[in-house]
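Asker: Residues per chain, in single letters:
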Amino acid sequence: MSSIIVDQLNYVYSPGTAYEKHALKDINLVINDGEYIGLIGHTGSGKSTLIQHLNGLIKATAGTIYYNGEDIYDKNYNMKGLRSKVGLVFQYPEHQLFETTVYKDVSFGPKNLGLEQLEIDLRTYEAVKMVGLGDDILDASPFELSGGQKRRVAIAGVLAMKPEVLILDEPTAGLDPKGRDEILEQIAKLHRDSKITIILVSHSMEDVAKYADRLIVMNKGGIVYNGMPHEVFVHYKELEKIGLAAPQVTYVMNELNNMGFSVNPSVTTVEEATEEVVRALSQTYTSRRKIKND
Amino acid sequence: MGMIKAHNLVFEYIRRDEEGNVESINRAIDNVNIDVTKGDFVAILGANGSGKSTMAKHINAILTPTEGTVWVNGMDTKNEEKLWEIRQTAGMVFQNPDNQIIATVVEEDVGFGAENLGVPTEEIWTRVEESLKAAGMLEYRHHSPNKLSGGQKQRVAIAGIMAMKPECIVLDEPTAMLDPIGRKEVLQTIKELNKKEKVTVLLITHYMEEVIHADKVIVMDQGKVVMQGTPREIFSKVDELKQYCLAVPQVTELAYELSKKGFAIPKGILTVKELVEAINSIA
Chain A
16 MSSIIVDQLN YVYSPGTAYE KHALKDINLV INDGEYIGLI GHTGSGKSTL IQHLNGLIKA
76 TAGTIYYNGE DIYDKNYNMK GLRSKVGLVF QYPEHQLFET TVYKDVSFGP KNLGLEQLEI
136 DLRTYEAVKM VGLGDDILDA SPFELSGGQK RRVAIAGVLA MKPEVLILDE PTAGLDPKGR
196 DEILEQIAKL HRDSKITIIL VSHSMEDVAK YADRLIVMNK GGIVYNGMPH EVFVHYKELE
256 KIGLAAPQVT YVMNELNNMG FSVNPSVTTV EEATEEVVRA LSQTYTSRRK IKND
Chain B
178 MGMIKAHNLV FEYIRRDEEG NVESINRAID NVNIDVTKGD FVAILGANGS GKSTMAKHIN
238 AILTPTEGTV WVNGMDTKNE EKLWEIRQTA GMVFQNPDNQ IIATVVEEDV GFGAENLGVP
298 TEEIWTRVEE SLKAAGMLEY RHHSPNKLSG GQKQRVAIAG IMAMKPECIV LDEPTAMLDP
358 IGRKEVLQTI KELNKKEKVT VLLITHYMEE VIHADKVIVM DQGKVVMQGT PREIFSKVDE
418 LKQYCLAVPQ VTELAYELSK KGFAIPKGIL TVKELVEAIN SIA
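The listed protein sequences derive, respectively, from chains A and B. Under this note's numbering, the first residue of the first sequence carries the number 16, and numbering increases by one thereafter. Under this note's numbering, the first residue of the second sequence carries the number 178, and numbering increases by one thereafter.
Pulled out of the complex, with its shape left as it was, chain B reads as follows (with noise of 0.2 Å):
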């Protein structure tokens, strides 16, 4: 069995009245089956309101199924005694950095949620040192995080979620409030927990260019899975994805507009090097 893995899953807010009377029912996820390899870098496209991120709170059990099952490494989320398990396994980092950080120091943010875990001192300590090693934010660990830009307040609170060793990290838009480099360094981390910490990565964004780089992409709309595949596969569909409200990188762009005029591009260009070379090669 997978890392994470929903079959059939079905979820849906419930408003009720002040009487508890039902008064709107909005399905945000509509039957989705996905099955996530350990150690694989999978992304999630989707536009606003295509229900990615009710997808992501399945994975730690903020939210559990109305329908179906979700299981985090073999453990259904709907099991509460399994709760603590299912959340160290699967760690979560969201967008906006400053509501992510609690502490006043950097290397105490990043130790409590080890501490939380009843993690013995000193085992916190050499874990800290670890996460912030691999964030590439060691030097700034007796920083006080509100002086830190917003990539690297990302980079923290990405550390705080390694020091507590998940197999798995789900990352919900991390980088939508952050500017270029920023992005840069919060997605360099993450490639490098999933090469080297084997850390398996589900990674949600709105940014094309983020996802080149994963093993697998998944695309949603209206609470739907609608496409699966290499990021190669799914971004030769562009007139696919303008319907899910999706752009593609201008690239990749180009490169469709300039096969559409006949010339022989291959489908799915995904980088500046890529598409220089096809057309070199076609002159």
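Isolated chain A, as found in the complex (with noise of 0.2 Å):
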């Protein structure tokens, strides 16, 4: 069963006005449970603008969205449940921390969900843990936090509201290499632990690369490719014409691959690529040496 259909979406910003944007264009959309989907495309191609759509803070100006077969656009839909069920955790979260405490912040969500404090306090001690935080943390006010503490905290109050599908925008941002590899492994570890459905916006094609099973790739509005990885990947000078590029190891298969080697062109990461080149290199060392011995 599929969990998100998105149908035609258009949608034109400050429409009869000098600044009438069209920034969705006719866009088809399957996202299944379960799945793990990296959204990539340079500024202002209309990643930020469709996930808006995704938890409904953005209606459509045409076309329609189905949640679990249901059309978030009907009149009689909960559209407060669909907020709880997609969670939006948008760039730099760690802006919008306002309580006094860690355990405060992360308990706004559900108690706004009218749920009982025993729930409450469950779900809070779940999130924090689920972002690989401790419970020493809670009674700390979120401002005395390091960068990747606080949004670590702020993720953590998107994951107390138990949401069905996790939409993340550039959430390691500003980052160092280690807090990037935290906060990308603590999501891989959610998606695999709760099967929740993971979007990932990203302007790193080696972390979309390593981590998601399939890509959406937006220019324009429109979506130019829809696969994983490797197919996509295999595109990489259209890709460069939209902004974009491959991971820097897929240059170094096509290059090699180019001068004759038999090395696959859509490898990704470096592990894969590490294989591809040993395996290269040992063929041409047979091959020399069954020439010598012949």
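Among the clues, some could well be false.
Simulated pairs of lysine to aspartate or glutamate, EDC-like, Cα-Cα distance not exceeding 16 Å [as the list claims (entries may be wrong)]: (1) A:K119 - A:E109; (2) B:K437 - A:E286; (3) A:K235 - A:E109; (4) B:K437 - A:E109; (5) B:K419 - A:E109; (6) A:K235 - A:D208; (7) A:K193 - B:D416; (8) A:K193 - B:E417; (9) A:K119 - A:E131; (10) B:K419 - A:E290; (11) B:K438 - A:E287; (12) A:K144 - A:D208; (13) B:K437 - B:E417; (14) B:K438 - A:E286; (15) A:K235 - A:E35; (16) B:K438 - A:E109; (17) B:K361 - A:E255; (18) B:K259 - B:D275; (19) B:K324 - A:E35; (20) B:K450 - A:E270; (21) A:K193 - B:E306; (22) B:K444 - B:E454; (23) A:K165 - A:D151.
If you want the footprint, here are the derived chain B segments under chain A, 3+ residues with CB under 8 Å [to be verified]: (24) 301-310; (25) 356-370; (26) 453-460.
Some chain B residues well away from chain A (every beta-carbon gap over 12 Å; in silico) [claimed, not checked]: (27) N208; (28) L222; (29) T241; (30) N256; (31) E257; (32) I263; (33) E292; (34) V296; (35) S326; (36) E350; (37) A353; (38) K375; (39) E386; (40) P408.
Keep in mind the hints are simulated off the structure, nothing from the lab. In this text the structure is predicted, and so the values were computed from the model without any measurement. Every residue, glycine too, gets a C-beta built ideally from N, C-alpha and C.
Take each chain as given, in its own frame, and dock them per the hints.
Answerer: Below, the structure written as structure tokens:
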């Protein structure tokens, strides 16, 4: 069963004014339960506009979205319910922390859902644990924490709503490589353990290549590629034209391939590339030895 | 003497309670010595909280040392009489482009700093034109900064600093909030300023790819300088970099993995071209 179907979605900003902009054009998309999607595209390609449609923050100009088979623009549709099922973590989410303690901040969402105190407590503890923070942090002021910790607290606030789909808009922007890896590993773990659907918006081709099952590439408000990382990065020349790129190792593999090495040009991670090069090099060694022996 | 010199620099963030008693001391910079030669392109790498931004703020006297001394073009940053001269010598560009734009038209924004220095009006316009040209933003001079992309805004911020004719420009993670195109544009601008205008550049960043063209790389960890050298020297020490929570570019890592497996790949590979050539030469 598929959880999100986007059907002929169009969105026009400020229609009828000088600033009118057709931000989304005829988007058709299916996102299945439990998938890990990487959403890429350069600034202004429509990524952020699209994800804000998915939890009903923006209403489409035309077309519709079905969540678990229900039309979210239906008059009787429970939009508040949708927002708790589709969690959206904005860019620099730590700017939205506002409470005096981590506990209060993370429990703010569940409290607003009108849950019982015990359930609120449970969800708060669980969410904080899910982002890899200890209980001791609950009484601290969010503003005393490091940048990476603040960001996790903000993500925990969304997780405490128990979303079925988690959308993250560049969750690693401004973090150092270690902080970046920690957050991405935590998200991957969440995806594995709780089978939650992940949509990751990122500028890092290396990161989406490593983590996502499927990539959606946007340009000028439309979807230009939709497929496995290997399938998408084969089009690295076209990706460059729309301001994107392939991971560095994809370029290495293509160069080697052009020089006559038998390596798979669609490789995207360092591990895969190492294997490919080792295999290609040992092949040439063997064939040379063969020629020598002959 | 070099353009920027720090001698035994220590900086402590001291937190006090309402009565002024010391609550906690955080030593952000711990006995740092650096020497940046005029005209160099120097990159500072380090994890979050390693002290690199605190270091940057010492170079144009936003912060002054708790202990030790910083000289900018021979001027001690503790000398308050020299404050304006120091800030004119070392211009600073910050991470968030939106926090640095103040005017409603690009060219006015670029002229703002020079105007505050009391540069004559005619001279300001010449400088605005020159710096917009150097930053590749001349065609946007009459635009509103609000409508520009992040990379373009950063280049406007750089042009604004250039119009003050600094000898040195310090950039604190100028590309952290930009997409790949924006990053490329800004880096290109920085490289050109260094090459063509001979401006000394100090670039602070998390992105290893951005430092491969630097003359020198300084790695900071917990307030200390832990590694110094050319990009090639630094990137040949993959394990050590990882220990400081830094990551190397994919090609460098691939080269490192291959050499670990016994292939004769040279250390410190920095570009796709170098790696492809190295693999080809051993095949």
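Asker: For every hint, state whether the structure bears it out.
Answerer: Each hint tested on the structure:
A C-alpha spacing of about 14 Å is found between K119 of chain A and E109 of chain A, which places the hinted pair at or below 16 Å, so the restraint holds. Note on K437 of chain B and E286 of chain A: the hinted pairing holds, with a Cα-Cα distance of about 13 Å set against a maximum of 16 Å. Taken as a hint, the K235 of chain A and E109 of chain A pair is broken in the structure, with Cα atoms around 29 Å apart against an allowance of 16 Å. Straight-line distance between C-alpha atoms of K437 of chain B and E109 of chain A comes to about 40 Å, which puts the hinted pair past the 16 Å bound.
At most 16 Å may separate the alpha-carbon atoms for a hinted pair to count; K419 of chain B and E109 of chain A exceed this at roughly 26 Å. Taken as a hint, the K235 of chain A and D208 of chain A pair is broken in the structure, with Cα atoms around 35 Å apart against an allowance of 16 Å. With a C-alpha separation of about 14 Å, the suggested pairing of K193 of chain A with D416 of chain B holds against the 16 Å cut-off. Straight-line distance between C-alpha atoms of K193 of chain A and E417 of chain B comes to about 14 Å, which keeps the hinted pair within the 16 Å bound.
Between K119 of chain A and E131 of chain A the alpha-carbon distance is near 15 Å, which keeps this suggested pair within the 16 Å criterion. Proposed proximity of K419 of chain B and E290 of chain A is contradicted: the alpha carbons are some 22 Å apart, above 16 Å. With a CA separation close to 14 Å, the supplied pair K438 of chain B and E287 of chain A stays within the 16 Å bound. For the suggested pair K144 of chain A and D208 of chain A, the alpha carbons sit about 13 Å apart, so the restraint of at most 16 Å is met.
Distance restraint check for K437 of chain B and E417 of chain B: the Cα-Cα separation of roughly 15 Å lies within the 16 Å cut-off, and the hinted pair is therefore satisfied. A hinted pair counts as satisfied when its Cα atoms are at most 16 Å apart, and K438 of chain B with E286 of chain A qualifies at roughly 12 Å. Of the supplied pair hints, the one linking K235 of chain A and E35 of chain A holds, its CA atoms being roughly 14 Å apart against a limit of 16 Å. Restraint check for K438 of chain B and E109 of chain A: the C-alpha separation of about 42 Å exceeds 16 Å, so the hint is violated.
For a cut-off of 16 Å, the pair hint linking K361 of chain B to E255 of chain A stands: about 12 Å separates their Cα positions. For a cut-off of 16 Å, the pair hint linking K259 of chain B to D275 of chain B is broken: about 29 Å separates their Cα positions. With a C-alpha separation of about 14 Å, the suggested pair K324 of chain B and E35 of chain A falls inside the 16 Å cut-off, and the hint holds. Taking the CA atoms of K450 of chain B and E270 of chain A, the gap is near 8 Å; set against the 16 Å cutoff, the hint holds.
Taking the CA atoms of K193 of chain A and E306 of chain B, the gap is about 41 Å. The hint is violated against a cut of 16 Å. Distance restraint check for K444 of chain B and E454 of chain B: the Cα-Cα separation of roughly 13 Å lies within the 16 Å cut-off, and the hinted pair is therefore satisfied. Annotation: proposed proximity of K165 of chain A to D151 of chain A holds, straight-line Cα distance about 14 Å (limit 16 Å). Counting residues of the stretch 301-310 of chain B whose C-beta lies closer than 8 Å to any C-beta of chain A gives 0; at least three are required, and the coverage claim is violated.
Under the rule that three or more residues need a Cβ within less than 8 Å of chain A, the assignment of the stretch 356-370 of chain B holds, with 4 such residues. Restraint check on the stretch 453-460 of chain B versus chain A: 5 residues with Cβ-Cβ distances below 8 Å, three needed, restraint holds. At roughly 22 Å, the least C-beta separation between N208 of chain B and chain A is larger than 12 Å, which holds for a residue marked as non-interface. The Cβ of L222 of chain B sits about 9 Å from the closest Cβ of chain A, inside the 12 Å cut-off, so the non-interface label is violated.
Taking the minimum C-beta to C-beta distance to chain A, about 25 Å, the non-interface status of T241 of chain B holds against the 12 Å cut. The beta carbon of N256 of chain B is kept farther than 12 Å from every beta carbon of chain A, the shortest such distance being approximately 33 Å. Even its closest Cβ contact with chain A, about 32 Å, leaves E257 of chain B beyond 12 Å, as expected for a residue assigned away from the interface. At roughly 28 Å from the closest C-beta of chain A, the C-beta of I263 of chain B stays outside 12 Å, upholding its exclusion from the interface.
The beta carbon of E292 of chain B sits about 31 Å from the closest Cβ of chain A, which is more than 12 Å, so the claim that it is off the interface holds. For V296 of chain B, the shortest C-beta to C-beta distance to chain A comes to about 34 Å, beyond the 12 Å cut-off, and the non-interface label holds. Listed as outside the interface, S326 of chain B is inconsistent with that label: its C-beta sits roughly 6 Å from the nearest C-beta of chain A, within the 12 Å cut-off. A beta-carbon of chain A comes within 12 Å of the beta-carbon of E350 of chain B; the shortest separation is about 7 Å.
Look at A353 of chain B: its CB is around 5 Å from the nearest CB on chain A, not clear of 12 Å, so calling it non-interface is violated. Consistency note on K375 of chain B: stated as away from chain A, and its beta-carbon is indeed over 12 Å from all of that chain's, at 31 Å minimum. Not every CB of chain A is more than 12 Å from the CB of E386 of chain B (nearest about 8 Å), against its label as outside the interface. No Cβ of chain A comes within 12 Å of the Cβ of P408 of chain B; the nearest lies about 15 Å off, and the non-interface call holds.
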